[in-house]
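Given only the sequences and the hints, what does the whole structure look like? Please build it.
2 protein chains.
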Amino acid sequence: MTVELLSVGTELLLGNIVNTNANYLSQKCAQLGFSLYYQVTVGDNEGRLCESIQTALNRSDILILTGGLGPTQDDMTKEAVAKVLGLELQMDEASKERIASYFRFRYQKEVSAVITENNWKQALKIDGSIVVENNNGTAPGYIVETNGKTIILMPGPPNEMIPMFEESIYPYLEKKQNKVFVSSMVKICGVGESKAETDILDLINAQTNPTIAPYAKTSEVHFRVTASADTKEKAASLILPLVEELYRRFGDNIYSVLEEETLEEVVIKLLKNKNYTITTAESCTGGLLTGRLVNVAGVSEQLKEGFITYSNEAKMKYLGVKEETLATYGAVSEQTAEEMARGAARTSGADTAIAITGIAGPEGGTQEKPVGLVYIACLVKEQVTVKELRLKGNRLKIRDQSVIAALDLLRRQLL
Amino acid sequence: MTVELLSVGTELLLGNIVNTNANYLSQKCAQLGFSLYYQVTVGDNEGRLCESIQTALNRSDILILTGGLGPTQDDMTKEAVAKVLGLELQMDEASKERIASYFRFRYQKEVSAVITENNWKQALKIDGSIVVENNNGTAPGYIVETNGKTIILMPGPPNEMIPMFEESIYPYLEKKQNKVFVSSMVKICGVGESKAETDILDLINAQTNPTIAPYAKTSEVHFRVTASADTKEKAASLILPLVEELYRRFGDNIYSVLEEETLEEVVIKLLKNKNYTITTAESCTGGLLTGRLVNVAGVSEQLKEGFITYSNEAKMKYLGVKEETLATYGAVSEQTAEEMARGAARTSGADTAIAITGIAGPEGGTQEKPVGLVYIACLVKEQVTVKELRLKGNRLKIRDQSVIAALDLLRRQLL
Chain A
1 MTVELLSVGT
11 ELLLGNIVNT
21 NANYLSQKCA
31 QLGFSLYYQV
41 TVGDNEGRLC
51 ESIQTALNRS
61 DILILTGGLG
71 PTQDDMTKEA
81 VAKVLGLELQ
91 MDEASKERIA
101 SYFRFRYQKE
111 VSAVITENNW
121 KQALKIDGSI
131 VVENNNGTAP
141 GYIVETNGKT
151 IILMPGPPNE
161 MIPMFEESIY
171 PYLEKKQNKV
181 FVSSMVKICG
191 VGESKAETDI
201 LDLINAQTNP
211 TIAPYAKTSE
221 VHFRVTASAD
231 TKEKAASLIL
241 PLVEELYRRF
251 GDNIYSVLEE
261 ETLEEVVIKL
271 LKNKNYTITT
281 AESCTGGLLT
291 GRLVNVAGVS
301 EQLKEGFITY
311 SNEAKMKYLG
321 VKEETLATYG
331 AVSEQTAEEM
341 ARGAARTSGA
351 DTAIAITGIA
361 GPEGGTQEKP
371 VGLVYIACLV
381 KEQVTVKELR
391 LKGNRLKIRD
401 QSVIAALDLL
411 RRQLL
Chain B
1 MTVELLSVGT
11 ELLLGNIVNT
21 NANYLSQKCA
31 QLGFSLYYQV
41 TVGDNEGRLC
51 ESIQTALNRS
61 DILILTGGLG
71 PTQDDMTKEA
81 VAKVLGLELQ
91 MDEASKERIA
101 SYFRFRYQKE
111 VSAVITENNW
121 KQALKIDGSI
131 VVENNNGTAP
141 GYIVETNGKT
151 IILMPGPPNE
161 MIPMFEESIY
171 PYLEKKQNKV
181 FVSSMVKICG
191 VGESKAETDI
201 LDLINAQTNP
211 TIAPYAKTSE
221 VHFRVTASAD
231 TKEKAASLIL
241 PLVEELYRRF
251 GDNIYSVLEE
261 ETLEEVVIKL
271 LKNKNYTITT
281 AESCTGGLLT
291 GRLVNVAGVS
301 EQLKEGFITY
311 SNEAKMKYLG
321 VKEETLATYG
331 AVSEQTAEEM
341 ARGAARTSGA
351 DTAIAITGIA
361 GPEGGTQEKP
371 VGLVYIACLV
381 KEQVTVKELR
391 LKGNRLKIRD
401 QSVIAALDLL
411 RRQLL
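Here the protein sequences line up with chains A and B, keeping their order. According to this note's numbering, the stretch in the first sequence is residues 1 to 415, in order. According to this note's numbering, the stretch in the second sequence is residues 1 to 415, in order.
There's no promise every hint is true.
[To be verified] Here are the computed lysine-lysine pairs in the DSSO-like style, where the Cα-Cα straight-line distance is at most 30 Å:
{"id": "1", "chain 1": "B", "residue 1": "K392", "chain 2": "A", "residue 2": "K381"}
{"id": "2", "chain 1": "A", "residue 1": "K217", "chain 2": "B", "residue 2": "K217"}
{"id": "3", "chain 1": "A", "residue 1": "K121", "chain 2": "A", "residue 2": "K149"}
{"id": "4", "chain 1": "B", "residue 1": "K217", "chain 2": "A", "residue 2": "K397"}
{"id": "5", "chain 1": "A", "residue 1": "K83", "chain 2": "B", "residue 2": "K272"}
{"id": "6", "chain 1": "A", "residue 1": "K217", "chain 2": "B", "residue 2": "K392"}
{"id": "7", "chain 1": "B", "residue 1": "K317", "chain 2": "A", "residue 2": "K274"}
{"id": "8", "chain 1": "A", "residue 1": "K121", "chain 2": "B", "residue 2": "K217"}
{"id": "9", "chain 1": "A", "residue 1": "K387", "chain 2": "A", "residue 2": "K217"}
{"id": "10", "chain 1": "B", "residue 1": "K195", "chain 2": "A", "residue 2": "K121"}
{"id": "11", "chain 1": "B", "residue 1": "K392", "chain 2": "A", "residue 2": "K109"}
{"id": "12", "chain 1": "B", "residue 1": "K272", "chain 2": "A", "residue 2": "K317"}
{"id": "13", "chain 1": "A", "residue 1": "K109", "chain 2": "B", "residue 2": "K387"}
{"id": "14", "chain 1": "A", "residue 1": "K96", "chain 2": "B", "residue 2": "K387"}
{"id": "15", "chain 1": "B", "residue 1": "K387", "chain 2": "B", "residue 2": "K369"}
Think of the hints as simulated: they come from the structure by calculation, not from any bench.
Pasting the structure below:
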C-alpha cells in the first residue's frame with residue numbers, strides 16, 4: 001500500500017517552522033511497512049490544496065494530511081477534502097460538547113463568555129467520517145474511507161498530532177497491513193554516528209529481512225531493526241538475532257531497545273531498582289537536567305530536590321563548594337564539579353548526585369577554557385566520577401549535549 | 001515570481017533525516033519576496049522524479065532541487081532534469097579538475113590511487129548550464145535557464161548546500177527580484193489564537209501591502225507583518241502604521257515585535273533595566289523555567305540561583321513553606337505558591353521570584369484538584385501575585401504552558 005503525506009500550512013512555506021511532522025510520520029509509515037513515495041507541503045490556499053488532494057488520491061492509497069484544522073478562516077483542510085470528495089460538512093454534537101467542556105474547564109466560566117463563534121467550526125465533521133478524539137487541543141482528527149482510498153486528517157501542532165497518531169491512527173492503519181511488522185529501536189549513547197555506522201556496515205549491506213536503518217539524534221545513534229512476517233511472534237523471532245549481534249558489538253553503549261523509552265526513563269528505572277534517590281547541582285544547564293528527569297512520571301520517589309547554582313556564591317552557600325577551590329581551579333573545573341556533587345548529596349541526603357558546570361557561550365571562553373568545556377560529576381554512594389567534555393555548537397546545543405552526557409554517565413555508574 | 005522546492009532523497013521518505021533544507025530555503029525565498037507555493041519530496045526513483053520536475057515546471061517560475069547529485073547510482077537528479085528538458089550531459093573539464101584537486105588535497109595521494117570511476121559522474125554538466133562551485137564537497141551545483149524557467153540544482157548535505165546558496169544562488173536570485181521586503185513579528189502572549197484573530201479580522205480581510213499572517217505557538221500568537229517597496233525605508237514605513245494599530249488593540253499583551261526576540265529575553269531585559277535579580281522555586285516544572293531563563297546569554301547578573309523543590313520536605317527546608325500551610329491547603333495551592341515565592345526571595349536575597357506548583361499528571365489528580373491545575377506566584381519587591389491555571393494536555397505540555405504563563409506573569413508585573 002502506498003501512502004502520501006500532505007502537510008498544510010503557510011507557516012511551513014514561509015519557513016517559520018521545520019516540518020518535523022513529515023519526518024515523524026515517514027518513520028511511522030516505514031515502521032508499518034507502507035511505501036511512502038511523496039511528501040507534499042502546500043499553504044492555506046483552497047485551489048492549490050484541492051489540487052494537491054486530488055493528485056494524491058490519484059496516485060496513492062492512503063493520504064495523511066496534517067494542519068489546517070484550527071478555528072480560523074485560514075484553516076480549510078477539512079473543507080477542501082470534503083469539496084474534492086463531493087461530501088458535505090455537518091455539525092458533530094459530540095465534538096461540540098467536547099469543545100465546550102474544554103473552554104469551561106480552562107476558563108472556569110460560562111462557555112458563551114469566552115468562546116468565539118469560529119471555535120464551533122472545529123465541531124464540523126465530513127459526512128460519513130470517523131471523528132478522532134484530540135486529548136491535547138480542541139481540533140479533532142478525521143478518518144474518511146471512500147472509493148478504496150483512506151484519507152486521514154490530523155491537527156498540525158506536533159504535541160496534538162503525535163499523541164493522536166499513536167493512540168488512534170497507528171492502530172487503525174496497522175489493521176490495513178496483512179503482514180505484521182515488528183521493530184526494535186536499538187538506542188546507543190556514547191558512540192559517534194559515523195563510527196557506529198562503520199562498525200555495522202557489513203550488517204547494513206547484508207540486510208534483507210530484518211532491515212536495519214540508522215537515525216541520528218543529538219549525542220545519540222538509534223538503529224531501527226524491523227522484520228515482517230505472518231505473525232507477530234515470527235517477526236519478533238526474526239529481529240532477535242540481529243539485536244543480539246548489536247549488543248555484542250555495542251555492549252553497554254546500548255541503553256534501550258524500546259521505541260518509546262527515553263534515556264531519563266532508563267536512569268530513573270535503574271535508580272528505582274536500587275532504591276536510590278537522586279539530586280542535582282546545575283550551573284550552565286540551569287535546570288535542564290532536572291527538567292529532563294521530571295519528564296518521567298512518578299519521579300517523586302527518586303527526586304526530592306535539585307539545586308540551580310549559577311553564581312559562585314550559590315555554589316558555596318548551598319553546596320559548600322570551597323572558596324579556595326573556586327579561586328584555585330575556577331568554577332569550571334573538575335574540582336568544583338566534584339565538590340558540587342558531594343555538596344548536593346550531603347545537603348539533600350540523596351544516594352546519588354549529578355553536577356554540571358561549564359561554559360555554554362557565546363561569551364566567557366578563554367584559550368585555556370574555551371566555550372564548550374564542561375565538567376560533569378556523578379556521585380553514587382560517596383564514589384565520584386568526573387568527566388570532561390569538549391563540545392561544539394551554540395549555547396543551547398552545548399547545554400543539551402551536557403544533559404545527555406550527564407544522564408549517560410550516571411547510567412553507566414549504576415550498571 | 002513563484003518558486004517550488006523539490007527535495008530528492010529516499011532517506012527523507014523513510015524519515016531518517018528531517019528536511020531542514022526545505023525550511024532554510026523557504027525562509028530565504030520569503031526574504032527574497034518570492035512566492036513559494038509547493039514543497040515536494042521524492043525518492044531516488046527516475047519515473048517519480050521526472051514527473052515531479054515536469055509538474056513543477058508547469059506551475060512555477062523557479063524550481064530549486066536539492067539532493068541526488070552524489071557519485072552513486074542512486075543519485076540521478078541531474079540526469080532527470082536533463083531528460084525532462086531534452087538536454088544532453090557533457091563532461092565539464094573545470095569540474096573534473098576541481099574534483100581531482102579535492103581528492104589530492106584530502107588524501108595527499110595521486111588521484112588515480114583514491115578516486116573511483118563513479119566520482120567522474122559528478123563532473124558531468126547539463127548542456128548550457130552554469131556550473132556553481134562547491135567549496136565544501138565534490139558535487140557542484142547547476143543553474144539552467146530555459147524557456148523562461150530557472151532550474152537550480154544543489155547538493156543535499158546542508159553543510160554544502162547552505163554555503164553554496166549564500167555565496168552563489170542568493171545573489172543570482174536577488175537580481176531577479178526588483179522589490180525589497182521588510183517584516184516585523186508581533187508576538188502576543190495571554191490571548192488565545194482564535195480570540196486574537198477575531199480581534200483583527202478586519203485587518204486580515206483588508207490586507208494588501210503590508211500583509212498580515214498569524215502563527216500559533218504553544219500559549220502564544222505571532223502575527224507577521226510584511227511590506228514590499230522599492231527601498232528598505234519605504235517598506236519599513238509601510239509596516240509601521242499596522243504595527244501601531246496592533247499595539248492599540250493588544251496593548252501589553254504584545255511582548256515583542258522582533259523576529260528573533262524570545263519571551264525569556266524580554267523578561268531578562270526588563271529585569272536588567274530595573275537592576276533586579278531573580279530567583280525561582282519550581283515544583284512540577286522541575287527546572288524547565290530556570291532552564292528557559294538560562295537560555296539567555298549573560299543572564300548571570302540577574303539569576304544567581306534557583307530551587308527545585310519537588311517534595312514537601314524540600315519546600316519546607318529550603319523555602320520555609322510552613323508545615324501547616326501544606327497540611328491545610330496542600331502542596332498545590334495558592335498559599336503554598338505564595339510561600340514558595342516569598343521563601344525563595346528571602347533565602348536568595350533576590351528582588352523578584354517566580355514559584356510554580358501544580359499537578360502535571362498523568363497521575364495525582366483528584367476531582368477537586370485535577371491534573372492541569374497549576375499555581376504560579378510572582379514576587380516583585382515583596383509584592384506577590386498568584387495566578388491559578390487550568391491546563392490541558394500531557395505532562396510535558398502542561399509543564400511547558402506553566403513556564404510560559406510564569407514568564408508572562410512576571411513580564412506584566414515588571415511593566
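Open item on the list: Between the alpha carbons of K83/A and K272/B, is the straight-line distance 30 Å or under?
Closed with: 55 Å, violated
Task: Proposed proximity, K317/A with K272/B (alpha carbon, max 30 Å) - done: 24 Å, holds
Open item on the list: Tell me if the straight-line CA distance from K109/A to K387/B falls inside 30 Å.
Closed with: 16 Å, holds
Task: Pairwise hint evaluation, K217/B against K121/A, where the allowed Cα distance is 30 Å at most - done: 20 Å, holds
TODO: Mind checking the alpha carbons of K217/B and K397/A for me, to see if they're no more than 30 Å apart?
DONE: The given pair, whose Cα atoms are some 21 Å apart, holds under the 30 Å limit.
Task: Pairwise hint evaluation, K274/A against K317/B, where the allowed Cα distance is 30 Å at most - done: 26 Å, holds
Task: Proposed proximity, K121/A with K195/B (alpha carbon, max 30 Å) - done: 14 Å, holds
Open item on the list: Against the 30 Å threshold, does the CA-CA distance of K392/B and K381/A hold or violate the hint?
Closed with: The given pair, whose Cα atoms are some 39 Å apart, is violated under the 30 Å limit.
- [ ] Could you grab the alpha-carbon distance between K121/A and K149/A and see if it respects the 30 Å cut-off?
- [x] This hinted pair holds, its Cα atoms lying about 25 Å apart.
Open item on the list: So if I understand the rule, the pair passes when the alpha-carbon distance is 30 Å or less; does K217/A with K217/B pass?
Closed with: Judged against 30 Å, a Cα distance of about 24 Å means the pair holds.
Task: Satisfaction of hint between K369/B and K387/B, Cα-Cα up to 30 Å - done: At roughly 15 Å apart (the allowed maximum being 30 Å), K369/B and K387/B satisfy the hint.
Task: Satisfaction of hint between K109/A and K392/B, Cα-Cα up to 30 Å - done: At roughly 16 Å apart (the allowed maximum being 30 Å), K109/A and K392/B satisfy the hint.
The structure does not agree with the numbered hints 1 and 5 stated previously, though it agrees with the rest.
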